[in-house]
Each structure stands twice: as structure tokens, then as C-alpha cells.
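Undergrad: Each chain is listed here by its residues.
Protein chains: 2
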Amino acid sequence: MILVNGVATASLPVSDRGLAYGDGVFRTFAMRNGRVCAWRRQVAKLAADARALGIQCPEETVLQTEVAEAARDAAQCAVKIIVTRGSGARGYAYAEAHGPTRIVSTSAPPPYPQHWHERGVAVRMCSLRLARQPALAGIKHLNRLENVLARAEWNDPDIAEGLLQDSAGCVIGGTMSNLFLLTGDALMTPDLSQCGVAGVTRERVIEAARRNGVGCRVAAVSLDELLASTEAILVNSLIGAWHIRHLGAVAWRQDSMTATVRRWLDEDDD
Amino acid sequence: MILVNGVATASLPVSDRGLAYGDGVFRTFAMRNGRVCAWRRQVAKLAADARALGIQCPEETVLQTEVAEAARDAAQCAVKIIVTRGSGARGYAYAEAHGPTRIVSTSAPPPYPQHWHERGVAVRMCSLRLARQPALAGIKHLNRLENVLARAEWNDPDIAEGLLQDSAGCVIGGTMSNLFLLTGDALMTPDLSQCGVAGVTRERVIEAARRNGVGCRVAAVSLDELLASTEAILVNSLIGAWHIRHLGAVAWRQDSMTATVRRWLDEDDD
Numbered sequence: 181m182i183l184v185n186g187v188a189t190a191s192l193p194v195s196d197r198g199l200a201y202g203d204g205v206f207r208t209f210a211m212r213n214g215r216v217c218a219w220r221r222q223v224a225k226l227a228a229d230a231r232a233l234g235i236q237c238p239e240e241t242v243l244q245t246e247v248a249e250a251a252r253d254a255a256q257c258a259v260k261i262i263v264t265r266g267s268g269a270r271g272y273a274y275a276e277a278h279g280p281t282r283i284v285s286t287s288a289p290p291p292y293p294q295h296w297h298e299r300g301v302a303v304r305m306c307s308l309r310l311a312r313q314p315a316l317a318g319i320k321h322l323n324r325l326e327n328v329l330a331r332a333e334w335n336d337p338d339i340a341e342g343l344l345q346d347s348a349g350c351v352i353g354g355t356m357s358n359l360f361l362l363t364g365d366a367l368m369t370p371d372l373s374q375c376g377v378a379g380v381t382r383e384r385v386i387e388a389a390r391r392n393g394v395g396c397r398v399a400a401v402s403l404d405e406l407l408a409s410t411e412a413i414l415v416n417s418l419i420g421a422w423h424i425r426h427l428g429a430v431a432w433r434q435d436s437m438t439a440t441v442r443r444w445l446d447e448d449d450d
Numbered sequence: 181m182i183l184v185n186g187v188a189t190a191s192l193p194v195s196d197r198g199l200a201y202g203d204g205v206f207r208t209f210a211m212r213n214g215r216v217c218a219w220r221r222q223v224a225k226l227a228a229d230a231r232a233l234g235i236q237c238p239e240e241t242v243l244q245t246e247v248a249e250a251a252r253d254a255a256q257c258a259v260k261i262i263v264t265r266g267s268g269a270r271g272y273a274y275a276e277a278h279g280p281t282r283i284v285s286t287s288a289p290p291p292y293p294q295h296w297h298e299r300g301v302a303v304r305m306c307s308l309r310l311a312r313q314p315a316l317a318g319i320k321h322l323n324r325l326e327n328v329l330a331r332a333e334w335n336d337p338d339i340a341e342g343l344l345q346d347s348a349g350c351v352i353g354g355t356m357s358n359l360f361l362l363t364g365d366a367l368m369t370p371d372l373s374q375c376g377v378a379g380v381t382r383e384r385v386i387e388a389a390r391r392n393g394v395g396c397r398v399a400a401v402s403l404d405e406l407l408a409s410t411e412a413i414l415v416n417s418l419i420g421a422w423h424i425r426h427l428g429a430v431a432w433r434q435d436s437m438t439a440t441v442r443r444w445l446d447e448d449d450d
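Chains as they are written, first to last, in the working numbering: chain A, 181 to 450; chain B, 181 to 450.
If chains are identical, the list can't say which one is meant, so a pair holds when it fits in one copy or spans any two.
No more than 25 Å apart at the CA atoms, straight line, and that leaves these computed lysine to any residue pairs for SDA-like:
no. : residue 1 : residue 2
1   : LYS260    : GLY271
2   : LYS260    : PRO193
3   : LYS260    : ALA273
4   : LYS320    : LEU418
Hints in this document: simulated from the structure, not taken from any laboratory.
So that you can see chain A by itself, here it is in the shape it has in the complex:
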């Protein structure tokens, strides 16, 4: 089901700036047995991203009602919330008076093979390099052509994800996921102040690590550091955590920290 500003409809005005300029933000997350995991964080991140673009974010209660309505007939589903700056006249300038557009939609959970969860995934390095744009870094906005081009680099169904470097060579994460590395007994995750999307699950893992006395550095990650890590983990709100098993000819065997991360995510559900 799709709700646009609370109304069940599958269509949107062509004049919406979300279409014209990608002028909006979004979130995607899982609903299981009628519950959204880490709902408050999802809403807080949506609001923070909207604020960073000067877009007024709808109230949490409005979103909560609409997510429940959209997911009414689905115990398990993927939920997507888009908030755009709303409709406007042609041209980049916008008037303050325009109200935002909110779109709440549900779809079937992505059909990832169960063995990806159990035994880890094969990934590849994408050749596309992410541009460094501090004004947009971290924000889950609707300008996602880099991700589209990167994802189009492969169609081997056995490759679960592509890893991305930025123009300076720093490893940033996957096309749809954030990355954690285990080095010694501490975690490390790429700094996203220049590019990339700072996901809610990434934030939850960083906080859980600190709460559980596990070191977790946020820093620039080189390809060498990725390859030298003892365990590499991809996270997002739909997949939870996947252990990277192969990157080309490079193999990781360890997955105990992946199990720990999953436990943290199960325990912390605010």
C-alpha cells in the first residue's frame, strides 16, 4: 500500500521537487510482526536529514499512523518513507510556504538467500568512485545516481553487494549498506563526513560497541585496512548484519563479531 500525504494513491504530482531535483530524503526499514525496529531512531534520522536540507519533516505521530496503515495487511514487509520539499514551480529556488510531501509505502521483504545470512556474502569492489561533498555527506537524500551506477556494474546474482571508495581512495561502504571492520579486538567504520550515507544501523552498532566495552573507531579506511581486517561486516536496517566472506580472491573466515553485532541489534531496539 502507498500513502501520499495520508491518502491511499499510487501517484504523485509531476511538479514535485522530489522528481525534479531529487529534493528530498528517505528511509527504508523492516517491519516484523507489526513492529518497526528502532523506530525512534529512524524518525530522528529522517528529521535530521530533512533539517539539513531545510525541509520540514512531518510529525512522528503522523508518520507512525501512516506506517501502521500502509503495513496493515503485512506482518513482514519493507517500509519506505520519502519526504520531499513538495511541489513547486520550475526552477531551483523554492518558497518557504510550500509544504513537504510525505510518501509511505510498503513492499515485500527483499528475497535475499538465507545462506547469505548464515554463511556470509561475496562482494565486489565497484569502479565508480564516490564524489566528496561535505554538504550532502551522511544524508540519505534522493540524489542517488552514484548508487544506481555502482549497482549497475554487476548482475551476478551471487554477488550480494558492491563496495565503494571515494575519489580519494577511502573505502566508504556498500551501495546500500555500511561497513564495519574488526582489527585486533576493536571495530572500525568509515568516516562519512565527505560522502556516503550514515545509516541508523551503523549508529546503533557504534553505540552498542561503546556500551559493551568494544572499541569502535570512526575513521578514514584504506583498501589495505579493509583487506587486512580479520572480519568485515555489512549492516543496514533490512539485512541486519552480513559477514563478508569473499571480495574477489580475498576470503574472510571469521564471523564471531558478526554474531555479536546481531546480538547487539536484537538487544537494542529503541
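Assemble the complex: chain A is given as a structure, and chain B must be docked to it using the hints.
TA: This is chain B only, laid out in the frame that chain A set:
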């Protein structure tokens, strides 16, 4: 009037990837007395931009018919054509089978003051720096948040345009226009291989300069080169050519090359 895939409607499926990811390209141009200036170039550029993203561009004859239909009741108007990758399931990957969405719409010509055309315009330097992304540079795609943020930096109605530098400090152009500088008796326009939109009017001016024996270099432009130029000109398909009169405290007096550029644009209309 708005036509979506040839049908008069003001709405679009929410599942369109143009909304989800800015996964599409567009063109904006003027129609005057039922004629589109440089129509073939507009279509050729739309097709080239679509091809660069792996999007199938509609046939020229289809677009021509729909532009005529959309502009039926308007002698003077701005025309916008958007071509997106079409509707798709959630996720960055796309299936080849999806057909593109084409949206043809018209609106009133932008109400720029006549004196901007006659006496030149005041512009400002934007603080936002464009990211360098060679994979998307030059393409008029729907990922335009940088332009939106830059345009939001001012609301003084006497400022006609904002100039943008990239992250390396190179001057790239305006938020909605391309830039030409006169230095000595030769023109220069910023190289757009790292960022920016390579507009049709820019291409027409470059070719007309060559045809008329005026030197025209495409090169990296520094802020110093901009400030040291004897004439600075903004171009796009809606404004034609504007002479920059003021950039903060800096003033340009000369506008004879602007008149020449306008003459070139009037003469070359293929």
C-alpha cells in the same frame, strides 16, 4: 499542459525511479511563436545524457509531437522534458525490461526583469562547492541537490544568479547557466569534465565562436581569471545571454561580446 508518456495527466507513479533516486535526465528550453530554438541539439543532448546513464531515450518524433501538443495553446513558454528510467521495484538495481518515463510540460516563461537583459545582471559567489564526479559531469541529470542548496543561499531578488566553484576552487558556472569570459580578444569557458552541466547554449556559443574566427578555450577557470576578465557572460536556453555587471564589489562595464554572442545565437538556430 503536462503529458506523461503521451497522456495528459499531472501525476506520475510513486514507483518511478526519477523520484526514488533522481534516476533520469532533463532539458529546459524556450518555445517562441511555436518554435523551439536549436531543437535538434536539445534532443541530441537529451539522448546523449540518457545514454550516459544507460536510459533509453524516446524517439525524436515522439518528443516533437508531444512538445507541440503540450505547447498547443502557448506561443511563448518554457518547455521541460524529463526522461526517467521508469518505474521499478525498491532497490538500486534495475531490470533492462523497464521502459523509460517521458514527461513533457510547459510553463510560463520565467519573469526576469527586462533590464537584466539590457543592462546586465548582478551575481554572487555561492559558498557551496560542487563535488567532482567525472561519471556524472556534464550530464543534465535529476540529481540537482547541489543546485538547490546553492540557489537557497540568497533571496535578494536583485541577484540574478549565483556562481559556483568546485571543491578544487575552479569556477564552474552559475546554478542554472554556463559561463563565458572574454580575455583579450578570446573567449574562455570552464571545463566541465569534473562537474557542472554542459548546456546546449554553451555548445552553440563554442561552435559559433570557432565559426566566426573568435578563439574559445575550454579550460579550468580560476577565480582570479574570472575577476581579471574584461567581460563575463552567462548563457542558457531560457535567458540567451546575460552580461554580468556586478559580482559583489567587482564591476564589469563591457558588454559588446554579449551582443555578439546574442547575434550568434540568433543566426545559428539548427
